[in-house]
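Trainee: For the record, the sequence lines run as chains F and P. So in the working numbering, spot 233 of the first sequence is number 233, and the numbers just go up one at a time. So in the working numbering, spot 175 of the second sequence is number 175, and the numbers just go up one at a time.
If you're looking for bench data, these hints aren't it; they were derived computationally from the structure. Note that the structure is predicted; figures quoted are calculated from it, not measured. Possibly wrong hints are sitting among the right ones.
Now the in silico label distances, taken between C-beta atoms and shown as ranges [said to hold, decoys possible]: (1) P:HIS164 with F:ARG219: 41 to 51 Å; (2) P:GLU22 with F:GLU268: 39 to 49 Å; (3) F:ILE131 with P:THR174: 27 to 37 Å; (4) P:LEU5 with F:GLY27: 29 to 39 Å.
Ideal Cβ placement from N, Cα and C applies to all residues, glycine included.
Listed below, chain by chain, are the residues.
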Amino acid sequence: MVEIIHLTKRYPDGKAPAVDDVSLTIGTGEFFGLLGPNGAGKTTLISVLSTLLLPTAGEVRIDGERLTRGRADVKRKLALVTQHNSLRGNMTPEEILELQGRLYYMDRRRIRERSDELLAFCGLAEHRGRIVRQISGGMKRKLMICRALLTQPEVLILDEPTVGLDPASRRQIWDLLRTLNREGMTILLTTHYIEEAEQLCGRVAMIESGRIARLAPPRELICALGAFAIDEFDGEHTKSTFFQTREEALRYAEGLSREFAIRSTTLEDVFLSEVGRGLGAQA
Amino acid sequence: MKRFLQSVATVLWEKWVEFKFEWGRITAAAVVGPLLYMAALGWGFGASGTGGRPYIDFLVPAILALTTMNASYTAISQSLSIQRIFEHSFDQLVISPTPIPAFLCGQMLAGALRGLYGGALILLLSIPFGASMHITPAFFLVMLLNGLAFAAFGALAALLARTHSDVTRVSSFTIMPMTFLCNTFFPLERVPAAVKTLVRILPLTHASGALRAIAYGEAPAFADLAILALYALAFLLAADLVMEKKQNL
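Bound conformation, chain P alone (with noise of 0.2 Å):
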């Protein structure tokens, strides 16, 4: 256990190390994309109301999901596909006795700190959006769940990728269309019943919902937490399942 954990916080602080030397670029990459959102979209339509509430309440809640879930799939997809593809400075960790699964681990973690530290800088900067949210424990364990899922995703893609553009490939068909659909800039209602079922079944439907909730000063549902969780466990599995078995890595 001691060893799994100080592989754990060996990623942890190769991902600082990597964080110090980029923290500029990695910081502006976090906030452009929810900041223009807030802004195309709180402008335009913040006043109006949804489901009884300004609509600026019902979106920020879904662009922290969003920062978090982009941040996280992010920091570990690109940095691992590049150590792997490129500098192959992946082949040392392959080769070291570092065991798998704290390795893994040390990624999930490590990008869902960052999806954290994105999620963090997007709620200072929705303060003069005036989105009104109540914010709790909860509310950073929701986006610190959605983070490890897609963290752990994102190891996954940077695992299975052949190419670099595969790693932007898997985010153009998966995240992007999370990014709209997902219970994030209007209501699950309005979806057509058959995409629904979908959506529903979609990570960031339930970060969006469980922070959504939060924020309106209710519990999250049991079952957002659970599902993010169980995600983030099972993209944990794949990564590590391909990584013992994979041929060629």
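Isolated chain F (complex conformation) (with noise of 0.2 Å):
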């Protein structure tokens, strides 16, 4: 169980702290996910969650335990996907997960083992003794969660980790995350993309400002903006109105004289409407 208890961070140079006072607690085993619009604080968050940052009030805890630096024991327990790639260059996809299982005390042979199989999972087995920095950026997105795979964490925390993969490649790690998160892992994962928040995430918190505008589960949210979705478009603009009953939606849109179009609403829809409003604040 991750426990988030207070948080804030403020940068020193920054008027409003990027994590305000927030809490939250996941579950073992649950799969869950972070939106928010740019410099909502998501990736400051992730930040304190794997000690790269020091919280400037609150605490985190995991299955009880306080993270902090110098915890190997609690630290043990967790893996990053970093948002930017973070791989050593000179080195090669086989030399990288042998570092990763070195400086989690895995034992060789087990790490051979592992990256056998995760570099063959994610196509990268031919590409084994290339040196990253002459793979593709999807290739390394996939190295990277390769990395993070390779000493099997109870607690992976994903930030933005399908950027810049193939729609092919997103959906093989989508089945991967959903096998794993199913055996038992927690999973915190942050995204743009909320397509995949909703078909991954049990439960989700947007985020804006660096609080915590909305938690619930995405088909929860949902409901509560309304099941239905009319959208009209005016000619520069399209508006959407949301609606309980597909009836209700009908009924709406026999009144219209332009153009419409009647759809299920999805988690975007909520997510513009609940954390929207900042990114039309920023335009």
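Take the two lone chains, each set in its own frame, and fit them into one complex as the hints suggest.
Mentor: Next comes the structure, spelled out in structure tokens:
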């Protein structure tokens, strides 16, 4: 279980806190999503969870134990896939995985076995001896995921893990994450792909200006907004209106004179209605 | 303890992989500067006397001190700052269960070994310059201690740096002045009294002094060895404190 307790992170040069008194509990085996516009505080929160940043106030507990940089026993349970490429450019995929295994005290034979499995699964087996600098961006993302999975962590933290992947690779990673979650791994995911969160996460938190704006299962958030949507296009903008039932939506549509479309509401609609205001304000 | 040693071995392995990849550049960078000093000063003043001995005998031990200093400092400061600021591969180390002191000890040892490597090459290259030196195990011990101190200093600089330029700046304000002033190219006696006190407390002065004493067939001063060890320990503790407490790694 991951407990985030009254967590605040304020940067020395920042006026407002990047994360502002966030409290959150992620249950063991849960697939949890963190959504928010750019600058909302998602990556800061992830960085505190990975101890790269120290909190200004509050704390993080993993299975009841306080997470600090010095707590090797607590950190052993975590693995992180960062938003940006964080691979050693002058190492091969094989060496990168070996380094990761060694940092977690894995047996050499086990490192080889797990590396073989993961590299084969991600289609990187042929590239295992190439210098990382020479492989494609998509391969680098997959390798970062392989690296995080090598140590079979209890809690997997993924910051925008599928950015830059083609749709087939993205689906492949989704399947892998689903399988791992089913096997009991706790997963915390931040993503800009709302569809990804809707597909994978049991619960999502929407963050805006460092605070949690909404927290619920995706289905619940969608139902609260209205299961059906009508999009009206006035020539410049699309306006969406939400309804609890199809009948209500159809009754509303009868009175419309301009072009419209009726569809099911998505988590993206919830996102836009909840934190999309922030996007508008930024623009 | 087993885990600690395993972690140190992991860092050494990582530095070995790095060395394998870049050994040509690392070797060239380690020897070009010192070789030029030996050529310019050795050919220019080698035959002249310093303290009753040929200048080349005075010069080469100091060149070895500054070679180990530079190689050790660069090996750690450059690599660690690149991993931390550009590659962000340092993130994986921070989140891993590898203990911070073990990681830093591994870095120090790897840096010191890189210093020894550079020193050994310069030692070989100094033969044609005709320097006469007594080489004993203590000679390598001093180079190792010097390397440990400056590798730890390199780690500290890389951990404190906000940009990669900061690491270069630290080098310009610390390594560069030491290169010229710390009992290297001329005897400490010729340094003005006001500066001498400052120079005496700097680590390279003690590395040069100890290496020169051994090269002359004398025993190194215990104080020189102790001061180098203290510097290594102080920089290690400072780097450990930074890694534990720095708000934004």
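Trainee: Could you run down the list of hints and mark each one as holding or not?
Mentor: Evaluation of the provided hints:
One distance hint, 41 to 51 Å for the beta-carbon pair HIS164 of chain P and ARG219 of chain F, holds here, with the actual separation near 48 Å. For the hinted restraint 39 to 49 Å between GLU22 of chain P and GLU268 of chain F, the CB-CB distance of approximately 47 Å keeps it satisfied. At about 33 Å, the CB distance of ILE131 of chain F to THR174 of chain P agrees with the hint of 27 to 37 Å. At about 37 Å, the CB distance of LEU5 of chain P to GLY27 of chain F agrees with the hint of 29 to 39 Å.
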